[in-house]
Amino acid sequence: MRFPSPVPVQWIADLIQAKITGNSNGQATGINELHKVETGDLVFVDHPKYYDKCINSNASFIIINKEVEVPSGKALLLVENPFEAYCKIVNHFRPFEPSNKNISDSAVIGEGSFVYPNAFVGHHVTIGKNTVIHPNVTIMDHCIIGDHVVIQAGTVIGSDAFYYNSKKDRAVWYKKMPSCGRVIIEDEVEIGAGCTIDRGVSHDTIIGKGTKMDNMIHIGHDTVIGKNCLIAAQVGIAGVVTLEDGVTLWGQVGVSKTLTIGSNAVILAQSGVGKDTEGNRSYFGSPIEDAREKMKELVWVKRIPALWEKVMGKP
Amino acid sequence: MRFPSPVPVQWIADLIQAKITGNSNGQATGINELHKVETGDLVFVDHPKYYDKCINSNASFIIINKEVEVPSGKALLLVENPFEAYCKIVNHFRPFEPSNKNISDSAVIGEGSFVYPNAFVGHHVTIGKNTVIHPNVTIMDHCIIGDHVVIQAGTVIGSDAFYYNSKKDRAVWYKKMPSCGRVIIEDEVEIGAGCTIDRGVSHDTIIGKGTKMDNMIHIGHDTVIGKNCLIAAQVGIAGVVTLEDGVTLWGQVGVSKTLTIGSNAVILAQSGVGKDTEGNRSYFGSPIEDAREKMKELVWVKRIPALWEKVMGKP
Amino acid sequence: MRFPSPVPVQWIADLIQAKITGNSNGQATGINELHKVETGDLVFVDHPKYYDKCINSNASFIIINKEVEVPSGKALLLVENPFEAYCKIVNHFRPFEPSNKNISDSAVIGEGSFVYPNAFVGHHVTIGKNTVIHPNVTIMDHCIIGDHVVIQAGTVIGSDAFYYNSKKDRAVWYKKMPSCGRVIIEDEVEIGAGCTIDRGVSHDTIIGKGTKMDNMIHIGHDTVIGKNCLIAAQVGIAGVVTLEDGVTLWGQVGVSKTLTIGSNAVILAQSGVGKDTEGNRSYFGSPIEDAREKMKELVWVKRIPALWEKVMGKP
Chain A
82 MRFPSPVPVQ
92 WIADLIQAKI
102 TGNSNGQATG
112 INELHKVETG
122 DLVFVDHPKY
132 YDKCINSNAS
142 FIIINKEVEV
152 PSGKALLLVE
162 NPFEAYCKIV
172 NHFRPFEPSN
182 KNISDSAVIG
192 EGSFVYPNAF
202 VGHHVTIGKN
212 TVIHPNVTIM
222 DHCIIGDHVV
232 IQAGTVIGSD
242 AFYYNSKKDR
252 AVWYKKMPSC
262 GRVIIEDEVE
272 IGAGCTIDRG
282 VSHDTIIGKG
292 TKMDNMIHIG
302 HDTVIGKNCL
312 IAAQVGIAGV
322 VTLEDGVTLW
332 GQVGVSKTLT
342 IGSNAVILAQ
352 SGVGKDTEGN
362 RSYFGSPIED
372 AREKMKELVW
382 VKRIPALWEK
392 VMGKP
Chain B
82 MRFPSPVPVQ
92 WIADLIQAKI
102 TGNSNGQATG
112 INELHKVETG
122 DLVFVDHPKY
132 YDKCINSNAS
142 FIIINKEVEV
152 PSGKALLLVE
162 NPFEAYCKIV
172 NHFRPFEPSN
182 KNISDSAVIG
192 EGSFVYPNAF
202 VGHHVTIGKN
212 TVIHPNVTIM
222 DHCIIGDHVV
232 IQAGTVIGSD
242 AFYYNSKKDR
252 AVWYKKMPSC
262 GRVIIEDEVE
272 IGAGCTIDRG
282 VSHDTIIGKG
292 TKMDNMIHIG
302 HDTVIGKNCL
312 IAAQVGIAGV
322 VTLEDGVTLW
332 GQVGVSKTLT
342 IGSNAVILAQ
352 SGVGKDTEGN
362 RSYFGSPIED
372 AREKMKELVW
382 VKRIPALWEK
392 VMGKP
Chain C
82 MRFPSPVPVQ
92 WIADLIQAKI
102 TGNSNGQATG
112 INELHKVETG
122 DLVFVDHPKY
132 YDKCINSNAS
142 FIIINKEVEV
152 PSGKALLLVE
162 NPFEAYCKIV
172 NHFRPFEPSN
182 KNISDSAVIG
192 EGSFVYPNAF
202 VGHHVTIGKN
212 TVIHPNVTIM
222 DHCIIGDHVV
232 IQAGTVIGSD
242 AFYYNSKKDR
252 AVWYKKMPSC
262 GRVIIEDEVE
272 IGAGCTIDRG
282 VSHDTIIGKG
292 TKMDNMIHIG
302 HDTVIGKNCL
312 IAAQVGIAGV
322 VTLEDGVTLW
332 GQVGVSKTLT
342 IGSNAVILAQ
352 SGVGKDTEGN
362 RSYFGSPIED
372 AREKMKELVW
382 VKRIPALWEK
392 VMGKP
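Listed in order, the protein sequences are those of chains A, B and C. For the first sequence, this note's numbering assigns the number 82 to the initial residue and increments by one for each residue that follows. For the second sequence, this note's numbering assigns the number 82 to the initial residue and increments by one for each residue that follows. For the third sequence, this note's numbering assigns the number 82 to the initial residue and increments by one for each residue that follows.
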């Protein structure tokens, strides 16, 4: 998340009661989690496993629970609980101030657009022109919807990420990372009924121009869907996934987190994608393989009894 | 879709600025897409691959982008873009005039029926007697709900079909076929929470009498479900599918488009149905096989290591 | 379901016009279906297959359609249609009196909690402190929501069970068992968008403290989820399942009915759980196997062509 304007790191250190070392005169331009961090960003790390990765990332300001050497030009903010400190900063810039109206006064709805009864449109939502929002749709705060978009009934745009800070020595193992990213739906996108699209944890979840989605599709946080993709019903895509342009996913496909599917790839129904996947090819299976190879494999399995009989005799 | 009354084909030719050849005195009784076309219907074709199929179909009036020989008694309507012409006709008879009330004034609700708060009931919807519509349900225009029906919370009846005119040389590859069909829910049907049932593109999607559906089930456009079917949670059925009477689908089953499942067939959980399937048998797997054969196959796979050792020696 | 206070069995016999044999002076403390029956309970049985199991269960009062020997201290209530009698009793204690307000006057909402617009909160619902109910959520009658709970948009709590009395010689094969149990959401639980959690048929469906659920998850009737479980998107869990503490289910997993998954088990994405499953291990596949064994199996399948060539010659 970008801050509304750059924030002196000393001010942040005061907010979270951190001891600051290194460049205490800097200004933070945003806050991010490790997957998506950029120069100028604040980031936090609370597990030794990630100290190095975090310190050597693009982050300029690191909230940490151990005194380590400060890389040149950066600042460390030492606190006992970096996760709580991170949440405190996010909650400062995105406090919980829910709308108590069906359509928030701060929402902007473009010319020629229609919002059906029973839809909810949160604070600072922008809806473009000639867009139709069906009944019982929910659009949470800060989301951006383009022109000529259709969002069918019951769909939820901007639900919180399923992303937790996990410690199994606490009474409650999982504590939620507050989601301060947005969902951006580009022009000409159509989304079916009963879908859920999570907002980014710190960046944006994006559905690219001209992409068409069927019913009951789940899209995780910070996932970026390219242009002119076709996604059939009941597909689930985890967080931080990239679909390049023109990808087709057939019904009930599952896509695991933090991977990329290349442009114009086709994933056949009920398949499971667990790793980066080259474009311009078809895939099938859980886990996926090249579709033709997988089909051949299904035939080979049927030949086992004949092979057994030849080697072992009548079963 | 039937027209309210027969429409002179000359009037339609004027509407879409078509050059008419053949029987220009006919009257069109309806408009359909190729899968469902009947005598008296208008249909469109824009791809050489389907010219023959379309001209030889039951359609009486064909919107087309090439001058071809007119079959006896039929009429051709020549235009540059048959898809746009089709949309223009559909939009004339089913213009976008959404209700801005929770329950449209033109909806009819039978004696003894109850509609919970936050449900949306669109224009020209008919709900029978002793039917219960739970909160946050959406019933879009023109749908018909029978007697003694239960529709649980969050379910959407009459969402638009996921059906697109596809051309990969345009900026936007996919353009929506407008859905002018309906959803018909027969008597004694019960539908769980969070389901989505798409309307037909040109015909009706039908859920047969006495069928019971669990939560989060997706039913595609123009699909016809028989009587007394049992459909477990998270099943997805694509468009133009026929389920004959008494079919049972267990949880998370997927059914591909334009196929038939025979009466009293049982499809076990997580299976994928990709072709026509005989009734009175059980099936399992993705893609499905006879359930007992598939179970045996799973056992055979476990014998590969023993076979390998016999043939190749210790692995 | 517990009755508000013990009910003389003679009063119940009058209500359902039953002939009573055995201990006609007893008082029934509740009514249950066979899976969950306790001492003091009424239960019904209408199929010879279950007579013995029912008579020897903990039930004190048995609604039955055959004169059999009465076990000591129990009472039999003889009627022609035990299922109809059961429904009559349940409907007496839980009559259909739906709320016509978004938030029922009998609902109790704790300090610091916020209910967004368009949410529905039914009769006798209790919501704890500092809990957030997002837009278009539905919470049906009698459900109990704890403190520090988040329920995201479009989710349904307390939908009716998918549980039917089945007789294939009637015009309508399936008749619904009325659900009189509740859903209980314990403290610190977070539930994503578009989920559905069915109420118990006669007991309660419970989501244990600290459990976190992603979007579009289905939980069946009378299922009990332990503490600190992690359930990813599009998982479906059938009825009467037990998840012990700390279980992790990844995306699109399916869990069949009336089984137990041991504590800290991990079920990988798209797997299907069909039987009781030991804790502290990882599983994969449909049906599941030990994850490492399953991975090895996938490799063995790829070796069939080499084996074939060795035994049979070039294919």
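Careful, some of the hints might be misleading.
Which copy is meant is left open, because identical chains are indistinguishable; a pair holds if it fits in one copy or across any two.
Stated by the list, open to error - Think about it this way: if two alpha-carbon atoms lie no more than 35 Å apart in a straight line, the pair counts; the simulated DSBU-like pairs of lysine-lysine are:
{"no.": "1", "residue 1": "Lys256", "residue 2": "Lys134"}
{"no.": "2", "residue 1": "Lys395", "residue 2": "Lys338"}
{"no.": "3", "residue 1": "Lys257", "residue 2": "Lys169"}
{"no.": "4", "residue 1": "Lys130", "residue 2": "Lys290"}
{"no.": "5", "residue 1": "Lys257", "residue 2": "Lys338"}
{"no.": "6", "residue 1": "Lys383", "residue 2": "Lys290"}
{"no.": "7", "residue 1": "Lys256", "residue 2": "Lys117"}
{"no.": "8", "residue 1": "Lys249", "residue 2": "Lys117"}
{"no.": "9", "residue 1": "Lys249", "residue 2": "Lys377"}
{"no.": "10", "residue 1": "Lys134", "residue 2": "Lys377"}
{"no.": "11", "residue 1": "Lys130", "residue 2": "Lys375"}
{"no.": "12", "residue 1": "Lys169", "residue 2": "Lys134"}
These are computed hints drawn from the structure, not numbers from a lab.
Problem - Broken hints, by number - result: 2 and 6
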